[in-house]
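2 protein chains.
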Amino acid sequence: MKYPVEQIRAFCEQVWTKAGLLPEDAKRCVDVLLAADLRGQRTHGTTHMKDYCTRMELGTATNGADIDIQQTSPSTLVVDAKHGVGMVVAAKVMERCIQQAKVSGACFASIHNGCHYGLGAYYPMMAVEHDMIAVSFANTPPLVAPFGGADPLLGTNPISVAIPAGKYPPLVMDIATSVVAKGAISLALKEGRSIPDNWALDKDGNPTTDAAAANVGALMPFGAHKGYAMELIGSLLSFALSGADMDTDIPRFFEQPDKLTNVGQFMGCIDISKFCPVEDFKARVDGMFDVLKACRPAAGSKGVMIPGEIEVNNTKVSLEEGIDLSEATLKDLKEMADTFGVPYTF
Amino acid sequence: MKYPVEQIRAFCEQVWTKAGLLPEDAKRCVDVLLAADLRGQRTHGTTHMKDYCTRMELGTATNGADIDIQQTSPSTLVVDAKHGVGMVVAAKVMERCIQQAKVSGACFASIHNGCHYGLGAYYPMMAVEHDMIAVSFANTPPLVAPFGGADPLLGTNPISVAIPAGKYPPLVMDIATSVVAKGAISLALKEGRSIPDNWALDKDGNPTTDAAAANVGALMPFGAHKGYAMELIGSLLSFALSGADMDTDIPRFFEQPDKLTNVGQFMGCIDISKFCPVEDFKARVDGMFDVLKACRPAAGSKGVMIPGEIEVNNTKVSLEEGIDLSEATLKDLKEMADTFGVPYTF
Numbered sequence: 000m001k002y003p004v005e006q007i008r009a010f011c012e013q014v015w016t017k018a019g020l021l022p023e024d025a026k027r028c029v030d031v032l033l034a035a036d037l038r039g040q041r042t043h044g045t046t047h048m049k050d051y052c053t054r055m056e057l058g059t060a061t062n063g064a065d066i067d068i069q070q071t072s073p074s075t076l077v078v079d080a081k082h083g084v085g086m087v088v089a090a091k092v093m094e095r096c097i098q099q100a101k102v103s104g105a106c107f108a109s110i111h112n113g114c115h116y117g118l119g120a121y122y123p124m125m126a127v128e129h130d131m132i133a134v135s136f137a138n139t140p141p142l143v144a145p146f147g148g149a150d151p152l153l154g155t156n157p158i159s160v161a162i163p164a165g166k167y168p169p170l171v172m173d174i175a176t177s178v179v180a181k182g183a184i185s186l187a188l189k190e191g192r193s194i195p196d197n198w199a200l201d202k203d204g205n206p207t208t209d210a211a212a213a214n215v216g217a218l219m220p221f222g223a224h225k226g227y228a229m230e231l232i233g234s235l236l237s238f239a240l241s242g243a244d245m246d247t248d249i250p251r252f253f254e255q256p257d258k259l260t261n262v263g264q265f266m267g268c269i270d271i272s273k274f275c276p277v278e279d280f281k282a283r284v285d286g287m288f289d290v291l292k293a294c295r296p297a298a299g300s301k302g303v304m305i306p307g308e309i310e311v312n313n314t315k316v317s318l319e320e321g322i323d324l325s326e327a328t329l330k331d332l333k334e335m336a337d338t339f340g341v342p343y344t345f
Numbered sequence: 000m001k002y003p004v005e006q007i008r009a010f011c012e013q014v015w016t017k018a019g020l021l022p023e024d025a026k027r028c029v030d031v032l033l034a035a036d037l038r039g040q041r042t043h044g045t046t047h048m049k050d051y052c053t054r055m056e057l058g059t060a061t062n063g064a065d066i067d068i069q070q071t072s073p074s075t076l077v078v079d080a081k082h083g084v085g086m087v088v089a090a091k092v093m094e095r096c097i098q099q100a101k102v103s104g105a106c107f108a109s110i111h112n113g114c115h116y117g118l119g120a121y122y123p124m125m126a127v128e129h130d131m132i133a134v135s136f137a138n139t140p141p142l143v144a145p146f147g148g149a150d151p152l153l154g155t156n157p158i159s160v161a162i163p164a165g166k167y168p169p170l171v172m173d174i175a176t177s178v179v180a181k182g183a184i185s186l187a188l189k190e191g192r193s194i195p196d197n198w199a200l201d202k203d204g205n206p207t208t209d210a211a212a213a214n215v216g217a218l219m220p221f222g223a224h225k226g227y228a229m230e231l232i233g234s235l236l237s238f239a240l241s242g243a244d245m246d247t248d249i250p251r252f253f254e255q256p257d258k259l260t261n262v263g264q265f266m267g268c269i270d271i272s273k274f275c276p277v278e279d280f281k282a283r284v285d286g287m288f289d290v291l292k293a294c295r296p297a298a299g300s301k302g303v304m305i306p307g308e309i310e311v312n313n314t315k316v317s318l319e320e321g322i323d324l325s326e327a328t329l330k331d332l333k334e335m336a337d338t339f340g341v342p343y344t345f
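Chains R and W supply the protein sequences, listed in that same order. For the first sequence, numbering that gives the first Met the number 0 begins at 0 and goes up steadily by one. For the second sequence, numbering that gives the first Met the number 0 begins at 0 and goes up steadily by one.
The following block holds chain R by itself, in its conformation from the complex (with noise of 0.2 Å):
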């Protein structure tokens, strides 16, 4: 069933205080929820509340409000994330790049002792608002084998860039380096499906068909060697400078809540006035988004979308309309109104 943005925001806001967010902190993280729902990326949406409320009553995963941010450099900073939410440390981290951006014309940030931070693109769209062009990395546990490789021994470690337009939406990629992600093959074997060729191995390194015999192998990246590339530097980035764990040391953070995580992450902005006037920027942009809309359509498409294009479609439907809540969502939400006081208003 549907519910009104506004209506799950006030719940789940309330929740988040009483579960140790700062409330400052508790509306930024519900809106990085509410972002991912409204996208139509409902694996990283509301879906995901007692997960990491789970974690915070466990401790391994903790407000986020005493994190360590060291500059470093004009354009440089180090941070301890302290097991923070992931969504609480990245919206500060990603704040702290902008404001130095300004300054140096370009920032970007190392994070330690990180766990999962929901939507990946929503930190670089904070940096689009600034008119800043930005990135972010992470590292996740070990699902996607090497290319060439039959072991699972790469996160799916996702990718996303903002880039600001004028009269279009930015530009927004988020992309998980793997073909599909894990959770496409799990729905394929549920539903008794056979699945494409090119999205995962089997346990002896074979590419297979059977949704079985992939849940137990190993996913494939994008685009063979140049995927594996994208993805080997993502998580370069993600662990190697911060020092936080290599994929393959990452527990599943929804799965294994009692795990502490150290992901890294790596994020940052370039301020575009500092390149040239940002509406000149913005028109060239727009030119080129005029040039790709015209295209002919290629057999059997609809025409070519601008990345992100269909995420905002989806936002503008469900602003509209509400957002669906499953019957596990609600059941969950249900059960943290009883645990935290809050009053269960769906």
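There could be a bad hint or two in this list.
Identical chains share a label here; the pair holds if one copy fits it or two copies do between them.
With a Cα cut of at most 30 Å, we get these calculated DSSO-like pairs of lysine-lysine [to be verified]:
1) Lys181 <-> Lys81
2) Lys333 <-> Lys292
3) Lys301 <-> Lys181
4) Lys181 <-> Lys1
5) Lys202 <-> Lys301
6) Lys166 <-> Lys330
7) Lys330 <-> Lys301
8) Lys166 <-> Lys333
9) Lys330 <-> Lys202
10) Lys281 <-> Lys258
11) Lys81 <-> Lys101
12) Lys17 <-> Lys81
13) Lys202 <-> Lys292
14) Lys17 <-> Lys189
15) Lys202 <-> Lys1
16) Lys81 <-> Lys26
17) Lys26 <-> Lys101
18) Lys258 <-> Lys292
Simulated from the structure, these hints should not be mistaken for laboratory data.
Add chain W to chain R, keeping to what the hints say.
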């Protein structure tokens, strides 16, 4: 036939100097071309010496001696390349980025009025020598259809990244954002071979295995919508920040030597020492590479390679055995020897 690297180097330096480059720029320029040949990336090597020289004769490329580099903030440079030979310009710009990143932690440069810069990976590899992580982007003539589109509107817009390691050679990613280069289609056509169905579209936007149909159609981006997003990001970073030409307005560099190019490039680096001790970083990268190299091979694979590993191996062989110069390249070199009054030594 194969020739010692130093023999080719000495000859080419003389030619470039006679063609109008300053002696130190001639050295650099040859080093970039030879790096491509050594690495087995012959399409960016000495085979194109004459094409660059032709442009210099025609006045559509300059010697790059008077490029304008403006530092606009602690971490940003704006560069008018003044149509200088790309290898000369890009190396000078990356040198400035490295110098400045040592101070400010990061430095990025936006280049307009650029021309073809050969081996994109060369410039990030310069920064690796200074314990930096570096990137380089460029936009190029339109050969690739955007994902979902039928027309070639985007360049193959290469992305180059280099990351230092300790006991291993650095990670070097140097990719076109199409599945294959246009040259792979031409070669299949010449040899009467069919092509895989994910390389290109015919002129009506249908995937095709017919090299002739592909040759008048459009290349496809690597990794479907994900690679398309990367390709578009590369384009925007290159032209929209700098005010260079959009991909659709860029002439073919080698085929249309009389057309001035206003290519855009974007490059820069971050200083690892501002995030952590460099030795710690390198040990962590080595740790990841150890894990990857120990991976069981996938079916049909000889094992996992580190991005850039093949090129390092090629370089070792070429340094020992010499570089293979084709009849066509030798003919070019002979012509240049005559034109510039340089002793022909091959």
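ask   = Is it within, between, both or neither when you check Lys258 against Lys292 at 30 Å Cα-Cα?
value = between (46 Å within a copy, 28 Å between copies)
task = Please work out whether the CA atoms of Lys333 and Lys292 approach to 30 Å or closer within one copy, between two copies, in both situations, or in neither?
result = neither (44 Å within a copy, 48 Å between copies)
ask   = What label fits Lys202 with Lys292 when the C-alpha limit is 30 Å: within, between, both, or neither?
value = Between copies only: 18 Å across chains, 42 Å inside a chain, cut-off 30 Å.
request  = At 30 Å max between alpha carbons, let me know whether Lys166 reaches Lys333 within a copy, between copies, both or neither.
outcome  = neither (42 Å within a copy, 54 Å between copies)
message = As a check of your reading, is Lys17 near Lys81 (CA-CA no more than 30 Å) within one copy, between copies, both or neither?
response = within (20 Å within a copy, 61 Å between copies)
ask   = Between copies, within a copy, both or neither: which fits Lys202 and Lys301 at Cα up to 30 Å?
value = between (37 Å within a copy, 17 Å between copies)
task = Measure nothing new, just compare the shortest in-copy and cross-copy C-alpha distances for Lys301 and Lys181 to 30 Å and report within, between, both or neither.
result = Both: 27 Å inside a copy, 26 Å across copies.
query = Taking 30 Å as the upper bound on the Cα-Cα distance, should Lys166 and Lys330 be classified as within, between, both, or neither?
reply = Answer is neither: 41 Å inside a copy and 53 Å across each miss the 30 Å cutoff.
inquiry  = Regarding Lys330 and Lys301, is the shortest C-alpha distance of 30 Å or less found within a copy, between copies, in both, or in neither?
reply    = neither (38 Å within a copy, 50 Å between copies)
Within, between, both or neither: Lys81, Lys26 at alpha-carbon 30 Å = The answer is within: 20 Å in one copy meets 30 Å, while 50 Å across copies does not.
query = Taking 30 Å as the upper bound on the Cα-Cα distance, should Lys330 and Lys202 be classified as within, between, both, or neither?
reply = Answer is neither: 36 Å inside a copy and 53 Å across each miss the 30 Å cutoff.
task = Indicate which option fits the pair Lys26, Lys101 if close means a Cα-Cα distance not exceeding 30 Å: within, between, both or neither.
result = For Lys26 and Lys101, only the intra-copy Cα distance (25 Å) is at most 30 Å; the inter-copy one is 38 Å.
Hints 2, 6, 7, 8, 9, 14, 15, counting from the list given before, are not met by this structure.
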